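Asker: What follows is the residue order along each chain.
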Amino acid sequence: MLTAILALAVLALVFGLILGYAAVRFKVESDPIVDRIDAILPQSQCGQCGFAGCRPYAEALARGEVDINLCPPGGEAVVMGLADLLGRDVKPVEGGAKKKMIAHIDETTCIGCTLCIQACPVDAILGAAKQMHTIIADECTGCELCVAPCPVNCIKMISVKVAPATWIWPYPPTSQQAKEDS
Amino acid sequence: MSRAALSNSATQKLWRFHGGLHLPDQKSLSCEQSIEQAILPKRLVLPLQQHIGAAAKPIVKIGDHVCKGQMIAQPDGYVSAALHAPSSGTVAAIAELPIPHPSGLKATCIVIDTDGEDRWIERQTHGNWASINPSELRNIIRDAGIVGLGGAGFPSFIKLNPGARTEVDTLILNAAECEPYITCDDRLIRERVTEVIAGARIMRHALHARRTVIGIEDNKPEAYAALQAALARLKHVPIEVVQVPTLYPTGGEKQLIKILTSKEVPSQGLPIDINIVCHNVATAAAVHRAVELGEPLISRIVTVTGHGVHTPRNLETLIGTPITDLLEQCGGTTKDLSRLLLGGPMMGVTLSDHNLPITKTGNCVLALTPNEFGPQGSVRNCIRCGECARVCPVSLLPQQMYWHARAKDFDKVQDYHLFDCIECGCCAYVCPSNLPLVQYYRFAKTAIWSQAREKQKSELARDRHDFRIARQEREKAERAARLAKKKAALEDKSAGTDDKAKKDAIKAAMERAKVKREATKVAPKNTDNLSADQQRQIDEANARRAAAEQDGEKKS
Numbered sequence: 001m002l003t004a005i006l007a008l009a010v011l012a013l014v015f016g017l018i019l020g021y022a023a024v025r026f027k028v029e030s031d032p033i034v035d036r037i038d039a040i041l042p043q044s045q046c047g048q049c050g051f052a053g054c055r056p057y058a059e060a061l062a063r064g065e066v067d068i069n070l071c072p073p074g075g076e077a078v079v080m081g082l083a084d085l086l087g088r089d090v091k092p093v094e095g096g097a098k099k100k101m102i103a104h105i106d107e108t109t110c111i112g113c114t115l116c117i118q119a120c121p122v123d124a125i126l127g128a129a130k131q132m133h134t135i136i137a138d139e140c141t142g143c144e145l146c147v148a149p150c151p152v153n154c155i156k157m158i159s160v161k162v163a164p165a166t167w168i169w170p171y172p173p174t175s176q177q178a179k180e181d182s
Numbered sequence: 001m002s003r004a005a006l007s008n009s010a011t012q013k014l015w016r017f018h019g020g021l022h023l024p025d026q027k028s029l030s031c032e033q034s035i036e037q038a039i040l041p042k043r044l045v046l047p048l049q050q051h052i053g054a055a056a057k058p059i060v061k062i063g064d065h066v067c068k069g070q071m072i073a074q075p076d077g078y079v080s081a082a083l084h085a086p087s088s089g090t091v092a093a094i095a096e097l098p099i100p101h102p103s104g105l106k107a108t109c110i111v112i113d114t115d116g117e118d119r120w121i122e123r124q125t126h127g128n129w130a131s132i133n134p135s136e137l138r139n140i141i142r143d144a145g146i147v148g149l150g151g152a153g154f155p156s157f158i159k160l161n162p163g164a165r166t167e168v169d170t171l172i173l174n175a176a177e178c179e180p181y182i183t184c185d186d187r188l189i190r191e192r193v194t195e196v197i198a199g200a201r202i203m204r205h206a207l208h209a210r211r212t213v214i215g216i217e218d219n220k221p222e223a224y225a226a227l228q229a230a231l232a233r234l235k236h237v238p239i240e241v242v243q244v245p246t247l248y249p250t251g252g253e254k255q256l257i258k259i260l261t262s263k264e265v266p267s268q269g270l271p272i273d274i275n276i277v278c279h280n281v282a283t284a285a286a287v288h289r290a291v292e293l294g295e296p297l298i299s300r301i302v303t304v305t306g307h308g309v310h311t312p313r314n315l316e317t318l319i320g321t322p323i324t325d326l327l328e329q330c331g332g333t334t335k336d337l338s339r340l341l342l343g344g345p346m347m348g349v350t351l352s353d354h355n356l357p358i359t360k361t362g363n364c365v366l367a368l369t370p371n372e373f374g375p376q377g378s379v380r381n382c383i384r385c386g387e388c389a390r391v392c393p394v395s396l397l398p399q400q401m402y403w404h405a406r407a408k409d410f411d412k413v414q415d416y417h418l419f420d421c422i423e424c425g426c427c428a429y430v431c432p433s434n435l436p437l438v439q440y441y442r443f444a445k446t447a448i449w450s451q452a453r454e455k456q457k458s459e460l461a462r463d464r465h466d467f468r469i470a471r472q473e474r475e476k477a478e479r480a481a482r483l484a485k486k487k488a489a490l491e492d493k494s495a496g497t498d499d500k501a502k503k504d505a506i507k508a509a510m511e512r513a514k515v516k517r518e519a520t521k522v523a524p525k526n527t528d529n530l531s532a533d534q535q536r537q538i539d540e541a542n543a544r545r546a547a548a549e550q551d552g553e554k555k556s
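Going down the list, the protein sequences come from chains L and G. Quick note on our numbering: the first sequence kicks off at 1 and runs consecutively. Quick note on our numbering: the second sequence kicks off at 1 and runs consecutively.
The following block holds chain L by itself, in its conformation from the complex:
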């Protein structure tokens, strides 16, 4: 009887130690599901979902507090990715999916106030105080956060030019659509 209790106690102690060590040694810094959600989001950091960037939205999604269709820049692809990952139903994007845009600074109007530089979440605006600013087009995510702070309204959102190399074949009309068309 005593040996059995002792043996179990020793076992419990050993496993307790192993678990305790593992908890320290293999500590997970953040919830891996948040990283996986964050990987799906477009990282425009635009805040159109109502959160202060993509990661806070990912955290809220991981807690199950919000809907999966709050990301207009991500569009349908993000909703489908999130639905797949989180096992939820696909819904149309809140406010409709947006066409891909990037910011453009009218350089003749820019006064070099640096307000847009401070607003840009991805440092995609180049310039200095009293120097003309310009957008680094390849790095602009189209979040529109620079548009509002501009005191002279010189920032416009322009649609991204489609080149033959980045062109997507049109989705073929389905049989129903074809019937309706004819």
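Because the hints were derived from the structure by calculation, they are not lab data. Quantities reported herein were computed from a predicted structural model and do not represent experimental measurements. Heads up, some of the hints might be wrong.
[As the list claims (entries may be wrong)] Covered by chain L, according to a simulated footprint, are these stretches of chain G (three or more residues, beta-carbon under 8 Å):
#1 95 to 107
#2 439 to 445
#3 465 to 473
[Stated by the list, open to error] Here are the computed lysine to aspartate or glutamate pairs in the EDC-like style, where the Cα-Cα straight-line distance is at most 20 Å:
#4 Lys408/G x Asp89/L
#5 Lys106/G x Glu96/G
#6 Lys455/G x Glu76/L
#7 Lys99/L x Glu454/G
#8 Lys455/G x Asp84/L
Here a beta-carbon is modelled for each residue, glycine too, at the ideal position from N, C-alpha and C.
We have chain L already, so just place chain G on it with the hints.
Answerer: Coordinates of chain G only, in the frame set by chain L:
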């Protein structure tokens, strides 16, 4: 068929690929038309991208005079190709112009106004190519801007560079020309067989290939005989010519390899992975011209055919010639022209505009009349007959890919090996419901590439956002540190003799002012000659000041 041909075919064991189609080949429309020179157009339009890879970089300016064969754009990076002036003239523009692409979009083109002189630049010939090492040969071929002329347009020098450790077992020259209507390679072999053989020998030398095989479909007996005769004349040239049964798409690189060698190119792999290199016969002829005659790739043979054009022809066309000029030379289009294609009827691109230029990969201009080729009638629902899977030359399941592409389920569609699809069009051709299957696959492919680009961009945005946050935090910490330091310094001063020192300084300054005043002994004269009223105001002010001072003393 000659006896030699029979014996050759008998000795060569052939294999077959899965599926395939026997199509009405329609080659008789143009196959008896010998190659003619296309009329020199007034204006040539040369897109900077006529090949797979990065677009070329212009090295001429507007207004420059260029000679025929002069390089006007250089390759930008490894996978890229140079561009040469097809005729002498002046660079009229470097601008965004419509190009022959399914999107109908514009791309940067160099426009040359020809001067009619057709004056060549000085050509550097390499008659003795056998003494040139393969690396140098590849450079000559790269500088000549040669790309695969069969249709895909991959820069040829890369396919001639197997890498130091890879040995090439077999060099296959593709003369299958399996798509209906097209006869440019057929005519090329019939009329310029020596060029093809010469090019093949150069390629063989560059690759150190053990075996060289020319594969040709058996619907071109004259071309086959011409090859046989040329090789018989040359003797001791170890090049084999093999006739293969006519079956679409035998001209696909992977299909021809399978037929000739029984080997299969791995999924999403390249022929070089199984030690095979495959080039088109027209590319071989271009290599011969580049090396032995010093002529870069500035022209190609284009078959202008179909019932929508009055007299079908095979035209030796300068790159950049407008398609309208070619149609005009062929007697113009008929009234019932319904569709104009660049390329064959199975894989060609429908052109919305007839004024587009011929590019390096444009082997055929096909003018179709309403009932001429391909599926007719309206699109209906898939009835799951499985005909598409039976004809697929890559042994895919087109129907499954269709469902997943239709549902935009891009992971699933890739599970069915979408990227091994060669877009040959067999599935869509046999589909009883007329489903535009290939368009679904092209849509899925381009959408997947687009998503991959987006993904890359979002990774970059995340990195930059994280960096920005880290930077802001660092700056905040630095500012806080600076403030703390300043505050500490201030406290240090005020805690010590600071107050007293200040008072001492004021006192010293007052002393100095007093000494100065006395030294100069100049009394201000603004109180002389005052009127009674002014004197009264001064007295009042003095009285107020005295009162205020007394008041202040009382308070303190």
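Asker: Evaluate each hint against the coordinates.
Answerer: These are the hints, each one checked on the structure:
1. 95 to 107: With 6 residues closer than 8 Å to chain L, the segment 95 to 107 of chain G meets the three-residue bar; holds.
2. 439 to 445: holds (count 5)
3. 465 to 473: The restraint on the segment 465 to 473 of chain G holds, since 3 of its residues have a Cβ under 8 Å from chain L and three suffice.
4. Lys408/G x Asp89/L: holds, 16 Å
5. Lys106/G x Glu96/G: holds, 6 Å
6. Lys455/G x Glu76/L: holds, 14 Å
7. Lys99/L x Glu454/G: Measuring from Cα to Cα gives roughly 13 Å; hence the hint holds.
8. Lys455/G x Asp84/L: holds, 17 Å
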